[in-house]
Amino acid sequence: MDLFAYAPAPESRDVVDIRPSYGLFVDGAFTDGGGEPFKTVEPATGEALAEVASADAADVDRAVAAARRAYETVWGPMSGRDRAKYLFRIARILQERSRELAVLESIDNGKPIRESRDVDLPLVAAHFFYHAGWADKLGHAGFGADPRPLGVAAQVIPWNFPLLMLAWKIAPALACGNTVVLKPAETTPLTALAFADVCRQADLPPGVVNIITGAGETGRLLVAHDGVDKVAFTGSTDVGREIARTVAGTRRRLTLELGGKAANIVFDDAPLDQAVEGVVNGIFFNQGHVCCAGSRLLVQETVADEFLERLKARMATLRVGDPLDKNTDVGAINSAAQLARIADLAEAGEREGAERWSPPCDLPGRGYWFAPTLFTGVAQSHRIAREEIFGPVLSALTFRTPQEAVEKANNTPYGLSAGVWSEKGSRTLWVAERLRAGVVWANTFNKFDPAAPFGGYKESGHGREGGRHGLEAYLDI
Amino acid sequence: MSTETVPPGRGAAGLRAFLHGLPGVDRVGADERAARLATRSIKTTAKAQAIDLAIAMVDLTTLEGADTPGKVRALCAKAARPDPEDRSVPPVAAVCVYSDLVGVAVEALDGTGIGVASVATAFPSGRAPLAAKLADVRAAVAAGAAEIDMVIDRGAFLAGDYATVDAEIRAVREACGDAHLKVILETGELVTYDNVRRASWLAMDAGADFIKTSTGKVSPAATLPVTLVMLEAVRDYRAATGRTVGVKPAGGIRTTKDALKYLVLVNETAGPDWLTPDLFRLGASSLLNDLLMQRRKLTTGVYSGPDHFTLD
Numbered sequence: 001m002d003l004f005a006y007a008p009a010p011e012s013r014d015v016v017d018i019r020p021s022y023g024l025f026v027d028g029a030f031t032d033g034g035g036e037p038f039k040t041v042e043p044a045t046g047e048a049l050a051e052v053a054s055a056d057a058a059d060v061d062r063a064v065a066a067a068r069r070a071y072e073t074v075w076g077p078m079s080g081r082d083r084a085k086y087l088f089r090i091a092r093i094l095q096e097r098s099r100e101l102a103v104l105e106s107i108d109n110g111k112p113i114r115e116s117r118d119v120d121l122p123l124v125a126a127h128f129f130y131h132a133g134w135a136d137k138l139g140h141a142g143f144g145a146d147p148r149p150l151g152v153a154a155q156v157i158p159w160n161f162p163l164l165m166l167a168w169k170i171a172p173a174l175a176c177g178n179t180v181v182l183k184p185a186e187t188t189p190l191t192a193l194a195f196a197d198v199c200r201q202a203d204l205p206p207g208v209v210n211i212i213t214g215a216g217e218t219g220r221l222l223v224a225h226d227g228v229d230k231v232a233f234t235g236s237t238d239v240g241r242e243i244a245r246t247v248a249g250t251r252r253r254l255t256l257e258l259g260g261k262a263a264n265i266v267f268d269d270a271p272l273d274q275a276v277e278g279v280v281n282g283i284f285f286n287q288g289h290v291c292c293a294g295s296r297l298l299v300q301e302t303v304a305d306e307f308l309e310r311l312k313a314r315m316a317t318l319r320v321g322d323p324l325d326k327n328t329d330v331g332a333i334n335s336a337a338q339l340a341r342i343a344d345l346a347e348a349g350e351r352e353g354a355e356r357w358s359p360p361c362d363l364p365g366r367g368y369w370f371a372p373t374l375f376t377g378v379a380q381s382h383r384i385a386r387e388e389i390f391g392p393v394l395s396a397l398t399f400r401t402p403q404e405a406v407e408k409a410n411n412t413p414y415g416l417s418a419g420v421w422s423e424k425g426s427r428t429l430w431v432a433e434r435l436r437a438g439v440v441w442a443n444t445f446n447k448f449d450p451a452a453p454f455g456g457y458k459e460s461g462h463g464r465e466g467g468r469h470g471l472e473a474y475l476d477i
Numbered sequence: 001m002s003t004e005t006v007p008p009g010r011g012a013a014g015l016r017a018f019l020h021g022l023p024g025v026d027r028v029g030a031d032e033r034a035a036r037l038a039t040r041s042i043k044t045t046a047k048a049q050a051i052d053l054a055i056a057m058v059d060l061t062t063l064e065g066a067d068t069p070g071k072v073r074a075l076c077a078k079a080a081r082p083d084p085e086d087r088s089v090p091p092v093a094a095v096c097v098y099s100d101l102v103g104v105a106v107e108a109l110d111g112t113g114i115g116v117a118s119v120a121t122a123f124p125s126g127r128a129p130l131a132a133k134l135a136d137v138r139a140a141v142a143a144g145a146a147e148i149d150m151v152i153d154r155g156a157f158l159a160g161d162y163a164t165v166d167a168e169i170r171a172v173r174e175a176c177g178d179a180h181l182k183v184i185l186e187t188g189e190l191v192t193y194d195n196v197r198r199a200s201w202l203a204m205d206a207g208a209d210f211i212k213t214s215t216g217k218v219s220p221a222a223t224l225p226v227t228l229v230m231l232e233a234v235r236d237y238r239a240a241t242g243r244t245v246g247v248k249p250a251g252g253i254r255t256t257k258d259a260l261k262y263l264v265l266v267n268e269t270a271g272p273d274w275l276t277p278d279l280f281r282l283g284a285s286s287l288l289n290d291l292l293m294q295r296r297k298l299t300t301g302v303y304s305g306p307d308h309f310t311l312d
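So the protein sequences, as listed, match chains A and B.
Just so you know, the first sequence maps onto residues 1 to 477 in full-length UniProt numbering.
Just so you know, the second sequence maps onto residues 1 to 312 in full-length UniProt numbering.
Same shape as in the complex, but just chain B (with noise of 0.2 Å):
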């Protein structure tokens, strides 16, 4: 498709040259397109298919400052077996906590092939120096992370010192190694879908292997029409460049209803090639149980309270 991509050694004149030069957004047009998808009817065996993919597909997420040791062990152990009754069902992404608690999700974790997320950056404001920044990093990893979720400097993006953000992606880039990096625009703070873009390939012409929608600690969080214009880039990019980049929405997903959604969006936009937990997550908390119990309401036939499904 688009076969513009940021011109090497371009400078700070350049790249925001080029940010601006990508084609707009018409709001309307997002909006409407993404409500249209949201109809979609969803039924039957694509249903199941849906629920264990994305079952498969949700980054287990606690971001509290009360969080301790053993919150998140008692979710690494929700996170390998999700339904404790039911050995069928598929064991979820990551589990995603503040840096500082990666060594217990690791331990939590070890041999059952969940990787652990953390966030870092002086998340969720990602207002600290970036040697701050780095370190959080540094120190995640260290602990065993394989997924680092950054946040960029909306200010520095807001003021459109672009070269501000692009350098400080490419020095936590560099600071993953081996980690994989989400790179979370904070849409709601950017407001405009022509800045979702705009950030959208900034981030991923620094490095970023995920965009993520947001933090979930500011409203809105992830919306359906910010995910739409996340997946045009990311079709876009890999048509230019033939590197492929995942999407993450997260913050406000919490029903079967609106992970289904998602998935239509991003077989519709993207194409089914981004349908794996590879190219494609969902970071939330209690939609996991919302899933779980839609999935048994579908094998059985009957619908279980709550109560049938554990609070962690």
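Chain A with its partners taken away, still in its complex shape (with noise of 0.2 Å):
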């Protein structure tokens, strides 16, 4: 291997300037906030980035009342020209500062730069460009001849694509004339507070963006605040149950964006290359920290061991380490938290019999990291196959027609993805009619685009973000 060992090839740290402590961002300014602050950490190394205020309920009643002001004295008013003039502008303010945030993202996150740089930034910047194209012409989105915003939007967003996310939330509920309270994920709150600071420099008007940070019963006071119109989530299936009982019986409509246990459905025709790739994709992308990652393989038998096989050798070539080295193909754990999680369900794995492998890797001594791992020998009865590990753990699977593909696919109480790997057409178009997913990937997975809608089946969710479909969340209709 030392024949081409590749040099550290660090991003630079210095792009990025990290406040030892940062406030709440409410009525277009820094507060302080009631509660307990809490340290951020960076999942690379444990160490603490910063001092983060954390919202009580007088901040939220603040936050939400600059909310609705703003809504009612200066956003819901506005043309949808105008809005999109505000929109286009946050839109090059974050390419222009892309390379600070994808920085400062991995650094807060744990991901690694090359995905925060060429994925999260470019889709980020996108789903504003997008919806600033749509301020204007909501009339034309078949919901009527001028559909009306909801008000004030609260929005609880999660730590694996925290500025991805916060874009997805914020930019429809902007471009339907809505105004925002969102709270990021306590364990990434770098990024939020620095598209605060893109919402100054872009001029925005006070309280159109509210940033509030703190822990879950911040995100509890949020949800449950009777100021608010709508109510949207993304995050674990267990929260949303809570959050969908908070809001049950109240005027706030609400979407939610949940978990995923997806099927990778790898056909005996599939290009087996591509496939493997698409596995890898699908599941070792952002640390398997994806609500859509395809965690469950399923291969059809006659091609088992020889696509296991290269798929351990592809396995092999990952590399996994620093965040910020531009070669990293693997970042951290986010949290301590969520490498127990982890460590705990691929135990339960090898318990339950099936069999773990992982290449050989150095992990670094600090920080959090879990190695890339392939269980194979999984019956859909196992932990790690019903279960959503939410880490770099793959489960593999077989079967041995389309008709039994199916059936395991759709054998999960979720449904947000899917892929199928066949170079066969008509297998690809009669197996994608019959999977119970949001999204279904043919020869290809996690691939997003602001103008196809996402969302879930059954616990995975109900509502689209993204596309046409994902401004209905945002408007009275």
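Mixed in with the good hints, there may be bad ones.
Stated by the list, open to error - Restraint-style ranges between C-beta atoms, simulated for each label pair:
#1 B:38 - A:449: 19 to 27 Å
#2 A:380 - B:241: 33 to 41 Å
#3 B:218 - A:5: 35 to 43 Å
#4 B:192 - A:380: 37 to 45 Å
#5 A:269 - B:66: 46 to 54 Å
#6 B:191 - A:344: 46 to 54 Å
#7 B:191 - A:30: 53 to 61 Å
#8 A:449 - B:87: 52 to 60 Å
#9 B:241 - A:312: 16 to 24 Å
#10 B:286 - A:436: 50 to 58 Å
#11 A:448 - B:88: 44 to 52 Å
#12 B:17 - A:100: 54 to 62 Å
Said to hold, decoys possible - Output of the computed footprint for chain A on chain B, the stretches with three or more beta carbons under 8 Å from beta carbons of chain A:
#13 21 to 35
#14 46 to 57
#15 265 to 274
If you're looking for bench data, these hints aren't it; they were derived computationally from the structure.
For glycine and all other residues, C-beta sits at the position ideal for the given N, C-alpha and C.
Dock chain to chain to rebuild the complex, using the hints, since each chain is given by itself in its own frame.
Okay, structure coming up:
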């Protein structure tokens, strides 16, 4: 291997300026929070990066009131064309600051810079550009001549794609004429707070976007607040259930984007090398911290041995390590808690009789790391085949016929995404028609576009984000 | 990996069934994989190592109608000592010329250890009777060529007449004697990646020591995804048969940056075993000077202009 060892190629941290402490962004200004401040940690080192304010009930009141005021006085009455100008401006600033934001995202989240630079940030800007285009054309979206916004949107987002999930939430809300109070995840607040600065740079009127930080309690206060008209949540199915209970029986509209246990179905006539690549991308992208991750591999028995052998050879070339190294493929696990959960499920997999395999790889001595892992001989009844692991762990099962593949793929409480690998178009269509999943990828995986609606079946949530369909969640129709 | 090989005594139908039974290549996926590997960042020590490796892998090539003995001798001098001001620069792998100039190159390279490669078989079109192609090969070998770069009959391949292509490669293989055989697929004319994979297996099975992308006379010449597909083919072929075949992208590789992308592709597709001039070559001419310029930039920290490197 030493014939051509890649030298370290770290992206410079100098482009970001992390302050020792951060406040809440309410009504266009940073303010202190009433709750106990918390620390956000760099997953690659386990060390604290900054202290972040925590919003209490009074802060949530303030933020919602600011959003209401902005909705009633500025943003609601503003013409779509003028709203679009702000959104285009934000999109351009995001592009201009993309290097800084990508580095900040990788530091706070642990994802490889290659992904934050080549996937997250381009998509973030694309979402704002796309929705800026809708702002003055809502009358042509199929929801009536002049669809009205809902009002104040409370948005709670997860830690796996901090800035991208913010974009998925804020861009359509603003385009449709709503104002927002957004709570980023407690382990990854920094890019959301940097986004607050982007809003100021764009001269967005105060109160249109409010960012409040805090733990689960802050989120609970926000989604239960009487002053909000709409709740949007992306995160775990358990928390989603709790929010649904809270919101039930109130006037607040709700969309949920929750967990997944997606099947990647590989038929024996698949383009095998690209299928291997797609399976790897499906589960090891973003350390498997992806709600639509292809965490179950369903491979046809006729090619199973060959395919798994190829998959292992490919997994052995994954480069695990420093998220800021430009050659890193798999970065750090986001938090100690998530690492413990992944380790627990992996142990359960072994206990239940599946065969565990990881390529040899040197994990850094500090920080949170988990080697890319493949389980073979997995049965549908194993926990690793049923529960969302949200880590770099792939469970491989086999099938004999297309019917069996569909049956197994659908045999999960989730239904967010699925992949089909075959060179035979008719088979792909037959399978795709029968899969109960919000997104079905054919001969590819983890492809996102702001024009394509994304969302789940069953316990993966309801409502769609992106595309024309995604506007519906933020319009009073 | 793949355990299938061409069944012995298969006949034309069996050969066709085998080649069409190879797993398909999804173009979008292959392009994406190649593009992603191209984002690898090769810096400092890795770059220095890679540049010297790339220089040692160059098949320094001149294939012009206007080639003269003088031009070939100049190229040979360059091949033996690419940078006259720096003796630590390794020599290139081979000098590649037309068959009638093999003798000149052999004489000029005498004692350097650098091989002479000759294009043959009615290069670049391959449109000549088999007897003429074989005569071309024998003349080159007789003049001292250590390596023969043949072209396949793309017309026959595209017509589905794989047996003819197969027979021709075997005949050339025979005529090569001890000389190494590189089989040029001319992927720019085969167009689809499925064809590239099939042609790779066909050539390897018929005895190729190397499979080579292009003549350099057809556009597109070498591309990263095409080379990726060929590297997958040699990897799978070794797993199936135990025999190791080399790969040579040729044409259109002009910069150090390009060359490094190819080395990354080799490293992460076929594997580090292929990172040797015995198994990977870069068919190029202007590439060498860019490698030398980047090498000097890396060692001295100063960028010397193109006038500091010889044009041959």
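Hint by hint, here is what the structure shows:
One distance hint, 19 to 27 Å for the beta-carbon pair residue 38 of chain B and residue 449 of chain A, holds here, with the actual separation near 22 Å. For residue 380 of chain A and residue 241 of chain B, the Cβ-Cβ distance of about 38 Å falls inside the hinted range of 33 to 41 Å, so the restraint holds. At roughly 36 Å, the beta carbons of residue 218 of chain B and residue 5 of chain A sit within the given window of 35 to 43 Å. The hinted range of 37 to 45 Å is satisfied by residue 192 of chain B and residue 380 of chain A, whose Cβ atoms lie roughly 38 Å apart.
One distance hint, 46 to 54 Å for the beta-carbon pair residue 269 of chain A and residue 66 of chain B, holds here, with the actual separation near 50 Å. The hinted window of 46 to 54 Å between residue 191 of chain B and residue 344 of chain A holds, with their beta carbons roughly 51 Å apart. The beta-carbon spacing between residue 191 of chain B and residue 30 of chain A, approximately 58 Å, falls within the hinted interval of 53 to 61 Å. Checked against the hint of 52 to 60 Å, the C-beta distance between residue 449 of chain A and residue 87 of chain B comes to roughly 55 Å, which is consistent with it.
Range check, residue 241 of chain B to residue 312 of chain A: about 21 Å between beta-carbon atoms, so the 16 to 24 Å window is met. Distance hint check: the CB atoms of residue 286 of chain B and residue 436 of chain A are about 56 Å apart, consistent with the given range 50 to 58 Å. A C-beta distance of roughly 49 Å is found between residue 448 of chain A and residue 88 of chain B, which places it inside the suggested range of 44 to 52 Å. Between residue 17 of chain B and residue 100 of chain A the C-beta distance comes to about 57 Å, which sits within the given range of 54 to 62 Å.
Taking a C-beta to C-beta cut-off of 8 Å, the stretch 21 to 35 of chain B contributes 9 residues in contact with chain A, enough for the three needed, and the coverage statement holds. Note: the stretch 46 to 57 of chain B has 5 residues with beta-carbon separation from chain A under 8 Å; the three-residue rule is met and the coverage holds. Note: the stretch 265 to 274 of chain B has 3 residues with beta-carbon separation from chain A under 8 Å; the three-residue rule is met and the coverage holds.
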